[in-house]
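2 protein chains.
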Amino acid sequence: MPAYSRVSALRNIATRLRIGSVRATTEAGSGHPTSCCSAADIMAALFFAEMRYDPHHPENPDNDRFVLSKGHAAPILYAAWAEAGIITRDQLLTLRRFDSDLEGHPTPRLPWVDVATGSLGQGLCAGVGIALNARRISSNYRTYVLLGDGETAEGSVWEAAHAAAHEKLDSLCGIVDVNALGQSRPTQWQHDIDAFVIAWRACGWNVVAIDGHDMNAILSAFDTAQATKAQPTMIVAKTIKGKGISSVEGKNGWHGKPFKKGAEADQALAELQTQFVPEDHPAVPPEPRVVDRPAPKAPGPLGAPPYSLGDSVATREAYGTAIARLGANDDRIVALDGDVKNSTFSEKFEQKYPSRFFECFIAEQLLIGSAMGLAARGAIPFPCTFAAFLTRAYDFIRMAAISDLNIKMAGSHAGVSIGEDGPSQMALEDLAMMRAQPNIAVLYPCDAVSTDRLIERMAYHHGPAYMRTSRPKTPVIYGPDEPFEIGGLKVVRQTTNDVATVVGAGVTLFEALKAHDSLRSQGVNLRVVDLYSLQPIDAETLIRCGHETKGRFITVEDHYAAGGIGDAVDAAVAGHGFAVQRLAVRQIPRSGSPEQLLDHYGISSRHIVEAVNEGRPD
Amino acid sequence: MPAYSRVSALRNIATRLRIGSVRATTEAGSGHPTSCCSAADIMAALFFAEMRYDPHHPENPDNDRFVLSKGHAAPILYAAWAEAGIITRDQLLTLRRFDSDLEGHPTPRLPWVDVATGSLGQGLCAGVGIALNARRISSNYRTYVLLGDGETAEGSVWEAAHAAAHEKLDSLCGIVDVNALGQSRPTQWQHDIDAFVIAWRACGWNVVAIDGHDMNAILSAFDTAQATKAQPTMIVAKTIKGKGISSVEGKNGWHGKPFKKGAEADQALAELQTQFVPEDHPAVPPEPRVVDRPAPKAPGPLGAPPYSLGDSVATREAYGTAIARLGANDDRIVALDGDVKNSTFSEKFEQKYPSRFFECFIAEQLLIGSAMGLAARGAIPFPCTFAAFLTRAYDFIRMAAISDLNIKMAGSHAGVSIGEDGPSQMALEDLAMMRAQPNIAVLYPCDAVSTDRLIERMAYHHGPAYMRTSRPKTPVIYGPDEPFEIGGLKVVRQTTNDVATVVGAGVTLFEALKAHDSLRSQGVNLRVVDLYSLQPIDAETLIRCGHETKGRFITVEDHYAAGGIGDAVDAAVAGHGFAVQRLAVRQIPRSGSPEQLLDHYGISSRHIVEAVNEGRPD
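Protein chains in written order, with the working numbering: chain L, -19 to 598; chain V, -19 to 598.
Some hints could be false.
Any copy will do: because identical chains look the same in the list, a pair fits if it lies in one copy or spans two.
Pairs of lysine to any residue residues, derived as SDA-like cross-links and limited to a Cα-Cα distance of at most 20 Å, are as follows [to be verified]:
#1 K209 x N186
#2 K231 x N322
#3 K453 x R(-4)
#4 K241 x S226
#5 K277 x P166
#6 K332 x L199
#7 K530 x G555
#8 K231 x R77
#9 K530 x G557
#10 K530 x A554
#11 K148 x G184
#12 K148 x A175
#13 K453 x S10
#14 K530 x H556
#15 K237 x E327
#16 K237 x P452
#17 K209 x G358
#18 K277 x D174
#19 K277 x R437
#20 K237 x R77
#21 K240 x S10
Bear in mind the hints are in silico, worked out from the structure with no lab data behind them.
With these hints in hand, go ahead and build the complete structure from the sequences.
Structure, rendered in structure tokens:
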């Protein structure tokens, strides 16, 4: 078979990848050489026969893409790069050092890494997004994801499996490295290759089972994958953990253990050295199929949002309108939803740009994971669902933050103000969850105008961002030309003798305004701040407010007490001797009407008035 | 078929359940009557022919258990209870009211509900735990889980599917109500019954496909399930959303919409009334097969932990030792892990009590979800994994909090102090995530003694609890008889002229002690607090410390800045005019040695000393 004339060269590359992995982990004194060795033949075939890419231009949009879902095998990825000339062989020996970008698990500090991996089970979700992006930009690039067998216990893998089949993503090819050993014991399915084949076939994938150390079989499987239309392909590769080093081959207890410097490592390396074979033809990565495409047109100005003061619009609906407006202006905007598009109003985007809308069904890990893949390849994805259900994807959100990806998340139906559906549908921890990640911008608009303006800001902000929207309709309080910035706030009521600053956002801003009006009728002036940007936060203006309002803050939020507006304000004004009193939901809520719940859980205007009055000197 | 002589009675019950669901949602003005109607025949068969339970004694440990995974169909569950005499028919009409426990989605405020549902895709994980519990207590009770078809897009469903087959849980029977319509559109697989059958069979389940409105077929499927050994059974029921009400049957756009009071509801109810048939035999729930078992023996005193001052033990290892010690003392203690038992040291428990250890493999939603099921049925489960990977289960943790379940979570490898593995393995948001839930006790011990003592406290604390443990070894600083309480703290260094209170926990406590020693050599006294309980928090002692140390706090934590120790202390001392300065990780970290990282990210003793000195008046 002439196509496979490079087999001997590829086998030697595999041996060099094993040697590089062992050397790097031994030098680092930690890492996962045996997890690298099981994948070495697959990696050699992928990087030097199958994938088409330009090693000198990672930014080429038509390069085939690779996701190392089993991120702990990072050294073999780095070894493949060294083999391709992307990094030097000396650099390999800086693995895991503080001064090296070759981290313990791959991160996008390195231009060839699209998404950080190392939290297992995420790579295929990202792969779905990367493959969807190829469709979006009309590229022929293919997407490859290398999974460990242990990580297929993660449900997120099966969310991606179902979605890739549903989307007929034939440019997506997964490989499961079935080495049968997890970290602490044999895996659930061990070497039951049939179990894997049946499972992937049941999801609608083309499945090829091979010996993952047989180079001809590997190349042939990739050929089959390329020839398969309207279906993604999963290559189920039976492998041996530690392959090539007889002292550890297939042995439990060698996960995450480097060979010790000296005799132990020397012996392993010497054994690998014996495995070189004579070779005829060199193996080099095929060049990408470059597609001639027009440069994406620069987005124009969006124009003022279609609202007038006093209109009554839920911010979740303004969200849908805003992303649809944005979509008209910029082809990179895509929207994703989790079967709640008629509640989040992302259906407004779908109606106008169906080819840029991805229905993820009820699979929130896929929702965020595929958005991560899309973002990594230049799209500006807006994944949204109920804010409560974003908790389902928190590990993905965490990894998106580590990857500093451009995903623009939105969560609707925040807080007890959703009412009768009850606590399972109420997001009361989303602000805490998002704020905990230091590089996520966290926005919480109260009206349609601020929602619209902040969606545009989010889209063109670098890095991950989150917007919290609300279920109830709220009045438009800002004129269409009012500017909003990430990191800003609005002082919406103030006098020169305010007794306190009340900080609200979303639905509680209106409770603060009611409290303001009620107190004003008693001759008491209140400052009211709309904290529409919780992170970053405008500490300077808050501190000024503190000085001007007798050092008193009252925060009021439709969120649990920890990690939300109260903590954000307190941290921002720390060290100035101000008193920050927090009104927040302090127990697990129950079903009821929105008004009952706001009042019962202590965040209605009545409670603000009481807090102001209690704190006033007689 | 005499066994099915009650078919006509069951059909009438199904009609009454539909009527009850329509009435309740119409009265409430919200809810999901069409999602109830598709499941009515299944529910009638389950509650009045298949399940064995005593309607008057929900606490009976041998009652068969039911989990309504499609929680939005709550009204039909409540209607079944009304039919069984557990509640009155009048109560049904209080659905979703603030003064009623019949919430929009089921919660354990009601004694027949084991776990709150409404976040889709969780019920089967809980069902696995409930079925594992039957094995633990040697009961014959069976566990039934009703799933919606849309929710099978959730990966967590497939985590449970694989685990139930692996554990050969033949007492577990799922039913998928395949009504083909999601909230916003047809589901991914619609009425492709084969897709469901193949998928569940691929997971190793016994699968029966039926017409979900054919009562004989339903009863026969349950019989098949009961007769099947060593395999769980999934009944794939093809149904029609809105079944019984011709105006909405199988129609998109009727999800989550009640019939309007008046003509619309009257017409639906009138049509249902016509569906009653003559009946011969009544249908009543079969009684439970009560098992005569000895009462669980009361746990004895645990004795002092096996450590001496100055021993060097990682808190993660002390965790493993502690749960194993506890396991000897109390049969209700079970441990669960996600293929990291050799890192979390839960293997110490497994080695002693293998029958009470459940390996969840790399499936953290299953880990927490099955712990929820176990806890609901009287076990005291300790699920653990790397703290970073608990983010994967945050939606389950949220629902466990809503359910106020007795789960005792532990997360190891917290913070940058894990070192070279890099950010994907570092938990830096777990405290924020856990503290955000108002009823989760959050513990963070620094040494082996406090870990051991707090594990015992956790076990017998009512409600959910979380312990954060660390990777590096730390010295034992407490004597074996030192008492620890949930909600307590330790003042470990103090004088009468301390210039500030430094609050640390876990690894940073030792940085604080180093800073203390260094400053003392300069004649500066520092108070040092070990905040081993972040929630609840000992505000009183902190406030006293504030008054005694010039109103200055410096918090230092191996965690991101938002939602952790700094925010907890600040919220606890709010209103006293103290200054709280936070030392925390403020950017996405990278690989490196633990010492390098603690120093680089600003949480080492050097930074504490600098903070103390900077803040001191000249």
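A quick look at each hint next to the structure:
1. K209 x N186: For K209 and N186, only the intra-copy Cα distance (9 Å) is at most 20 Å; the inter-copy one is 32 Å.
2. K231 x N322: The answer is between: 16 Å across copies meets 20 Å, while 52 Å in one copy does not.
3. K453 x R(-4): neither (63 Å within a copy, 37 Å between copies)
4. K241 x S226: within (18 Å within a copy, 76 Å between copies)
5. K277 x P166: Cα proximity of K277 and P166: none, with 52 Å in one copy and 35 Å across.
6. K332 x L199: neither (42 Å within a copy, 47 Å between copies)
7. K530 x G555: both (15 Å within a copy, 13 Å between copies)
8. K231 x R77: So K231 and R77 fail the 20 Å test inside a copy (28 Å) and across (59 Å) alike.
9. K530 x G557: both (11 Å within a copy, 13 Å between copies)
10. K530 x A554: both (15 Å within a copy, 16 Å between copies)
11. K148 x G184: within (9 Å within a copy, 26 Å between copies)
12. K148 x A175: between (23 Å within a copy, 15 Å between copies)
13. K453 x S10: between (55 Å within a copy, 17 Å between copies)
14. K530 x H556: both (12 Å within a copy, 14 Å between copies)
15. K237 x E327: between (50 Å within a copy, 18 Å between copies)
16. K237 x P452: Cα proximity of K237 and P452: across copies only (17 Å, versus 55 Å in one copy).
17. K209 x G358: neither (25 Å within a copy, 52 Å between copies)
18. K277 x D174: Neither: 49 Å inside a copy, 45 Å across copies.
19. K277 x R437: within (18 Å within a copy, 62 Å between copies)
20. K237 x R77: For K237 and R77, the Cα distance is within 20 Å only inside one copy (17 Å; across copies 58 Å).
21. K240 x S10: Intra 9 Å, inter 65 Å, cutoff 20 Å: intra-copy only.
Of the hints listed earlier, those the structure fails to meet are numbers 3, 5, 6, 8, 17, 18, in rising order.
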